[in-house]
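Asker: Sequence:
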Amino acid sequence: MKVGIFPVTAKLFPSFPDGSADAIELELPVGTGATFSVIPQDLLMRAGIRRIEQREILTVDRKLLKRDPGYVGIEVAGKRVLSPVLFGEAEDFGVLGALTMEIAGLIVDPERKELLPRPALLL
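Heads up: the sequence shown runs through residues 1 to 123, numbered per the numbering used here.
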């Protein structure tokens with residue numbers, strides 16, 4: 001199953017540091033249909049990210065799963081933010097989800113296959 005519309009490089013941080021010495025770099029497909037970003041749990045654990053209360057997650061094929069969320073410092077397309085993510089299990093696909101892109105002020109340009117900055121909306 002193909003996930004995402006193009007890949008991007010992301011950096012994970014154990015918290016929200018000023019430097020990037022402890023960054024973990026990975027490639028994630030951009031998933032415009034995914035609410036949460038999903039990061040392999042071994043990378044999140046290596047970064048020292050704590051799990052918080054488990055959530056029920058509905059998959060695209062209508063399966064109900066339980067996954068642990070957490071918060072991680074993540075840098076993508078030059079924007080560094082603190083974002084909610086899910087601890088991905090072995091059968092899960094890693095993906096950059098909509099919440100992370102929204103928090104970072106990024107939109108998807110599917111023709112140029114890149115993330116572009118945009119101002120946040122205040123309604």
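Keep in mind that the hints were calculated from the coordinates and are not lab data.
Be careful, since some hints might not be right.
Below, computed lysine to any residue pairings styled on SDA-like, alpha-carbon distance capped at 25 Å [claimed, not checked]: (1) Lys-113 x Arg-51; (2) Lys-113 x Ala-77; (3) Lys-11 x Ile-103; (4) Lys-113 x Asp-22; (5) Lys-79 x Leu-64; (6) Lys-11 x Arg-62; (7) Lys-11 x Gly-78; (8) Lys-11 x Arg-67; (9) Lys-11 x Pro-84; (10) Lys-66 x Lys-113.
What follows is a set of in silico ranges between Cβ atoms, one per label pair, in the way DEER data are often shown [claimed, not checked]: (11) Pro-110 x Pro-14: 25 to 35 Å; (12) Glu-111 x Ala-90: 30 to 40 Å; (13) Asp-42 x Leu-123: 16 to 26 Å.
Each residue gets a CB set at the ideal place from its N, CA and C atoms; glycine is no exception.
Asker: All hints, please: hold or fail.
Answerer: Each hint tested on the structure:
Proposed proximity of Lys-113 and Arg-51 is contradicted: the alpha carbons are some 32 Å apart, above 25 Å. About 12 Å separates the Cα atoms of Lys-113 and Ala-77, which keeps this hinted pair within 25 Å; it holds. As the CA atoms of Lys-11 and Ile-103 are separated by approximately 15 Å, the hinted pair is consistent with the 25 Å bound. About 28 Å separates the Cα atoms of Lys-113 and Asp-22, which puts this hinted pair outside 25 Å; it is violated.
Restraint check for Lys-79 and Leu-64: the C-alpha separation of about 32 Å exceeds 25 Å, so the hint is violated. About 30 Å separates the Cα atoms of Lys-11 and Arg-62, which puts this hinted pair outside 25 Å; it is violated. Restraint check for Lys-11 and Gly-78: satisfied, since their Cα atoms lie roughly 10 Å apart, inside the 25 Å limit. Using a Cα cut-off of 25 Å, the hinted pair Lys-11 and Arg-67 holds, with the two alpha carbons roughly 22 Å apart.
As the CA atoms of Lys-11 and Pro-84 are separated by approximately 14 Å, the hinted pair is consistent with the 25 Å bound. For the hint pairing Lys-66 with Lys-113, the CA-to-CA distance comes to about 31 Å; that exceeds 25 Å, so the pair is violated. In this structure, Pro-110 and Pro-14 meet the distance hint of 25 to 35 Å, their C-beta atoms being roughly 32 Å apart. The hinted range of 30 to 40 Å is satisfied by Glu-111 and Ala-90, whose Cβ atoms lie roughly 34 Å apart.
Between Asp-42 and Leu-123 the beta carbon distance is about 39 Å. The supplied range of 16 to 26 Å is therefore violated.
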